[in-house]
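Chain F: place on chain B using the hints.
Same order as they appear, the protein sequences are chains B and F. With our numbering applied, the first sequence covers 3 to 186. With our numbering applied, the second sequence covers 3 to 186.
If you are wondering where the hints come from, they were derived from the structure by calculation, not from laboratory data. Quantities reported herein were computed from a predicted structural model and do not represent experimental measurements. There could be a bad hint or two in this list.
Since copy identity is lost for identical chains, a pair holds within one copy or between any two.
As the list claims (entries may be wrong) - In silico EDC-like cross-links for lysine to aspartate or glutamate, where the CA-CA straight-line distance does not exceed 16 angstroms:
| no. | residue 1 | residue 2 |
| --- | --- | --- |
| 1 | K90 | D142 |
| 2 | K110 | E16 |
| 3 | K110 | E94 |
| 4 | K110 | D12 |
2 protein chains.
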Amino acid sequence: MTTTRDRLLDAATELFYRDGVHIGVEALCRTAGVSKRSMYQLFSSKDEVLAVALERRAPDYANAFFPASQDAGSARERILYVFERLEKLSAEPEYHGCPYLAVQVELKDPEHPASEVARVVKGRLTEGFRALAEEGGARDPQLLARQLTLVFDGASARAGARVETLDGLVTPTVSALLDAAGVA
Amino acid sequence: MTTTRDRLLDAATELFYRDGVHIGVEALCRTAGVSKRSMYQLFSSKDEVLAVALERRAPDYANAFFPASQDAGSARERILYVFERLEKLSAEPEYHGCPYLAVQVELKDPEHPASEVARVVKGRLTEGFRALAEEGGARDPQLLARQLTLVFDGASARAGARVETLDGLVTPTVSALLDAAGVA
Chain B
3 MTTTRDRLLD AATELFYRDG VHIGVEALCR TAGVSKRSMY QLFSSKDEVL
53 AVALERRAPD YANAFFPASQ DAGSARERIL YVFERLEKLS AEPEYHGCPY
103 LAVQVELKDP EHPASEVARV VKGRLTEGFR ALAEEGGARD PQLLARQLTL
153 VFDGASARAG ARVETLDGLV TPTVSALLDA AGVA
Chain F
3 MTTTRDRLLD AATELFYRDG VHIGVEALCR TAGVSKRSMY QLFSSKDEVL
53 AVALERRAPD YANAFFPASQ DAGSARERIL YVFERLEKLS AEPEYHGCPY
103 LAVQVELKDP EHPASEVARV VKGRLTEGFR ALAEEGGARD PQLLARQLTL
153 VFDGASARAG ARVETLDGLV TPTVSALLDA AGVA
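Next up, chain B with everything else stripped away, as it sits in the complex (with noise of 0.2 angstroms):
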């Protein structure tokens, strides 16, 4: 059964990601079908159901990069695969760039909680990229590691404008950074 909270946290997911942050607690009910005072129950405030939101979302972001361990292959087909699912999601039509990296730009402001959240998981993607970057045998794992992170939140931000396609341009991107880190 689907739970007030969860109605509240789906919309708020679909609506702050296809529209942007701005869009206010009267639509945001409205789409939930949920009243402002069960919305006023559950949270302190708009702020909050979109750090939530974005905080719930985070597993699964981190499952659609990162494959399971049994089909991993070579560190560097691993960072490559990264790649190749964000070329994937970003030729879906729905699709409007990095969710988080969009709220930071959005919000502009660092110490908001859903900025807070937004830097929590993309660090944990740029510490996936690190981790595989020093498997590899990268000569400065956490330069590839920030260099992997600005090219995918180049690529995500662009293709999600809709002003690039990844195709043909991601792969060699990240192929000769990690030629340069000298991970083969």
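Structure of chain F alone, referenced to chain B:
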């Protein structure tokens, strides 16, 4: 003498950049010291103010990143210079990322007049990269130009969100891509 039009566009440039495109007409007119009536005599909508303000800022944006030809070094140096400038700009306290990328991310609508302006302005950045890539003998100038724009956008978004500092990050990233493309 500053005209009403200039005051509106100055306020729009500052407010939309600092707080986002969802700032309302009231706040815009209040900051500009202009009545709503006067605004609507000059512009058909807030969206038009936003688009015109972005268009007006475009020449400064281009000049900020591409040096005047008398200072020009090799094609490789001039490409690296773009990212040195970005690194400097991004360290300023009022930096919130590339204004054109921000608008695209926030509006989530490629057909919006302001998204179209942003697409044209960033298209010129990519074209500037492409011309330098060709001059520098890149194997695939168009691919290199797209890669550099990807890094530019990822770097500006992450630095603007205060989750990354570009020092020691963009120069090695761009150098690796230039090396891979055969730009000496």
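Against the structure, the hints:
For the homomeric pair K90 and D142, neither the shortest alpha-carbon distance inside one copy (29 angstroms) nor that between copies (24 angstroms) is at most 16 angstroms. In this assembly of identical chains, K110 and E16 lie within 16 angstroms of each other by CA distance solely across copies; the values are 13 angstroms between and 21 angstroms within a copy. Only between protomers do K110 and E94 lie at most 16 angstroms apart by alpha-carbon distance; the minimum there is 15 angstroms, versus 27 angstroms within a single protomer. Taking the shortest alpha-carbon separations for K110 and D12, neither the intra-copy value of 24 angstroms nor the inter-copy value of 20 angstroms comes in at or below 16 angstroms.
Hint compliance for this structure: hints 1 and 4 are broken, all remaining hints hold.
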